[in-house]
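Take the given structure of chain A and dock chain B to it, following the hints.
So the sequences go chain by chain: A and B. To get our numbering, take the position in the first sequence, counting from 1, and add 13. To get our numbering, take the position in the second sequence, counting from 1, and add 8.
What the hints contain is simulated information worked out from the structure, not anything from laboratory work. One should not assume that every hint holds.
Just some of the chain B residues that point at chain A, by a computed CB distance under 7 angstroms [stated by the list, open to error]: (1) M68; (2) D90; (3) V91; (4) N92; (5) Y93; (6) L96; (7) L97.
Bear in mind that the values here come from a model prediction, so they are computed numbers and not experimental data. Just so you know, even glycine gets a beta-carbon here, dropped at the ideal spot from N, CA and C.
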Amino acid sequence: MANTVSTSPEHSGEGETRRDFLLIATSTVGVIGVALAAWPFIDSMNPAKDTLALATTGVDISAVEDGQRITVVWRGKPVFIDHRTAAQIESAESVPMDDLPDPEPDSERVEKPDWLVVVGVCTHLGCIPLGQKVGDPRGDYGGWFCPCHGSHYDTSGRIRKGPAPANLAVPPYEFVDDSTISIG
Amino acid sequence: MEAKTWKNPVIAWIDYRLPIFSMMQADLVDYPTPKNLNYWWNFGSLNGIVLVIMIGTGIMLAMQYTANVDFAFESVERIMRDVNYGWLLRYMHMNGGSMFFIVVYIHTFRGLYYGSYRAPRELLWIIGVFILLAMMATAFMGYVLPWGQMSFWGATVITNLFSAIPLIGESIVTWLWGGFSVANPTLNRFFALHYLLPFVIVGLVFVHLWALHVHKSNNPLGIDVKGPQDTIPFSPYYTIKDAFGLGAFMIVYLAFVFFAPDFFGEPDNYIKANPMQTPPHIVPEWYFLPYYAILRAITFDIWFVPAKLIGVILMFSSILILLFLPWLDRSPVRSARFRPIYKQLFWVFLADCILLGVVGGHPPEGAWIPIGQAATAYYFAHFLIIIPLLGIFEKTRTPPTSISAAVTPGGVGTKIKEAAE
Numbered sequence: 014m015a016n017t018v019s020t021s022p023e024h025s026g027e028g029e030t031r032r033d034f035l036l037i038a039t040s041t042v043g044v045i046g047v048a049l050a051a052w053p054f055i056d057s058m059n060p061a062k063d064t065l066a067l068a069t070t071g072v073d074i075s076a077v078e079d080g081q082r083i084t085v086v087w088r089g090k091p092v093f094i095d096h097r098t099a100a101q102i103e104s105a106e107s108v109p110m111d112d113l114p115d116p117e118p119d120s121e122r123v124e125k126p127d128w129l130v131v132v133g134v135c136t137h138l139g140c141i142p143l144g145q146k147v148g149d150p151r152g153d154y155g156g157w158f159c160p161c162h163g164s165h166y167d168t169s170g171r172i173r174k175g176p177a178p179a180n181l182a183v184p185p186y187e188f189v190d191d192s193t194i195s196i197g
Numbered sequence: 009m010e011a012k013t014w015k016n017p018v019i020a021w022i023d024y025r026l027p028i029f030s031m032m033q034a035d036l037v038d039y040p041t042p043k044n045l046n047y048w049w050n051f052g053s054l055n056g057i058v059l060v061i062m063i064g065t066g067i068m069l070a071m072q073y074t075a076n077v078d079f080a081f082e083s084v085e086r087i088m089r090d091v092n093y094g095w096l097l098r099y100m101h102m103n104g105g106s107m108f109f110i111v112v113y114i115h116t117f118r119g120l121y122y123g124s125y126r127a128p129r130e131l132l133w134i135i136g137v138f139i140l141l142a143m144m145a146t147a148f149m150g151y152v153l154p155w156g157q158m159s160f161w162g163a164t165v166i167t168n169l170f171s172a173i174p175l176i177g178e179s180i181v182t183w184l185w186g187g188f189s190v191a192n193p194t195l196n197r198f199f200a201l202h203y204l205l206p207f208v209i210v211g212l213v214f215v216h217l218w219a220l221h222v223h224k225s226n227n228p229l230g231i232d233v234k235g236p237q238d239t240i241p242f243s244p245y246y247t248i249k250d251a252f253g254l255g256a257f258m259i260v261y262l263a264f265v266f267f268a269p270d271f272f273g274e275p276d277n278y279i280k281a282n283p284m285q286t287p288p289h290i291v292p293e294w295y296f297l298p299y300y301a302i303l304r305a306i307t308f309d310i311w312f313v314p315a316k317l318i319g320v321i322l323m324f325s326s327i328l329i330l331l332f333l334p335w336l337d338r339s340p341v342r343s344a345r346f347r348p349i350y351k352q353l354f355w356v357f358l359a360d361c362i363l364l365g366v367v368g369g370h371p372p373e374g375a376w377i378p379i380g381q382a383a384t385a386y387y388f389a390h391f392l393i394i395i396p397l398l399g400i401f402e403k404t405r406t407p408p409t410s411i412s413a414a415v416t417p418g419g420v421g422t423k424i425k426e427a428a429e
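The following block holds chain A by itself, in its conformation from the complex:
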């Protein structure tokens, strides 16, 4: 206040607590108001309704043979659908939990043992593991192998070896009937 005359009653000691209270109360209301006003701006960057409307994908699996794997797109990501053979189911179910970095029994990862549905995105850094096409390397455990950093997944899509921290994610899905899956 170099050029001005001070008119504030700074010397009145009693007034200070009341002024402090008013200042803090006003500032608090202001900050809350700004935060509330900021929410619509932030939320507008979340997925819009038309984006969410595409979040459910129906898949016809009637033509998928025993032992065949198909890839479908769900929310812009690949989803692996594996019609597992009896041998693959057996190998997935018989693994001791102690051998798994991310222990999860196979029964908790499938709706029906014949069908494994997992999001085909490596839980390490987001690459798509190999193993869907005939002739692809499937890793040491017969599931999938991520070429980016060498993660091996088993026939239940669980991580067995390599840097990935977790099993391939199981998306929410249900069997609409025997030949149709609805993902999302």
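Relative to the frame of chain A, chain B by itself:
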């Protein structure tokens, strides 16, 4: 400005190298402001806040908008229906444009009434006129983006104004369009410029404030600050007053946003642009109506100059004439408070501007043509005849010797001044 010592070591460290905190302290807190400012002085900071709201909502909208003639209209509808709070952002941006012009016009007429454009604030005023021009360009291009019927035909009409330029007019219009009609290249460049210009405005505002802080605010008395007894620090006195004014403004602004969001808009703009069909009655946004009236006022050629060219020249002149106002006005006092005749003619001029707006909103037929011509003539006469003549013949009243003397003649203010010395 005396150096301030900062208690916080981090702030002190930064401030020693880049005195940003000292600058904020000097220009936002201690800044000596005339102590007699009335509520008309709220509109400057209000403009700044509206600019921030426009940029904030605009950036969020730009994240969802598609600048392509095949998708623009649909992407705006998607913003309205699908994007979270998209309707709120768009209505805030749409009505914010109208509010911006209301606030900026009040701010400008405040300057006209109290003589804020007079020396030594001529450059401050001139920068303000450039801000107004930049705002008009931004608003015009923004209105094109939703790609409705009014967007398209407004863009067609306004860009065609440049075809009035002799010889090179047609080439300029083709260049503006990037084609042979308003089309996809036009929409694309308008979007790019609509995003760019607000930041140019921010730069101009900074220069505007810089010039303001040299000679400080004018005041209702239009007299110079004589010393510290005439001012109070900006904080808390005017920060709190501006905050109160902001609250009052937001009530009006958000009332439109929530309860009458399309009040300022044209229903035709919810019809997708159709280059094969012009709507029966094209009008610009309300804030351009007075200029639109001036554009259409001239219905006759003068000698060899075609009416179309005169209209365009007059329309641009109606803004550019403001640049010369500081030198057209020779009155010995600034404020209309001490100018008994100007004080009344100010309101006549304001009424004339509003009349021009009304004329601009009606089709150019019948009585509206002569009314528009008379109002246009008066608009220019105000600047070119009335104001210079008033400077010579008006008997002005004598303003008080100082801001303090106006309230406490020879009293408190003087004593404090003596004590300060």
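Here is what the structure says about each hint:
Satisfaction of the interface hint for B/M68 is found here, the shortest Cβ-Cβ separation to chain A being roughly 5 angstroms, below the 7 angstroms cut-off. For B/D90, the interface hint holds, since its Cβ comes within 7 angstroms of a Cβ in chain A; the closest pair sits about 4 angstroms apart. Annotation: B/V91 was flagged as interfacial toward chain A, and the flag holds, the nearest CB pair being 4 angstroms apart, inside 7 angstroms. Because the beta carbon of B/N92 sits about 4 angstroms from the nearest beta carbon in chain A, less than 7 angstroms, this interface hint is met.
Because the beta carbon of B/Y93 sits about 4 angstroms from the nearest beta carbon in chain A, less than 7 angstroms, this interface hint is met. The beta carbon of B/L96 is positioned within 7 angstroms of a beta carbon in chain A (closest approach about 5 angstroms), and the interface hint is therefore held. A least Cβ separation of about 6 angstroms between B/L97 and chain A falls short of the 7 angstroms threshold, and the interface hint therefore holds.
Every hint, counting from the list given before, is met by this structure.
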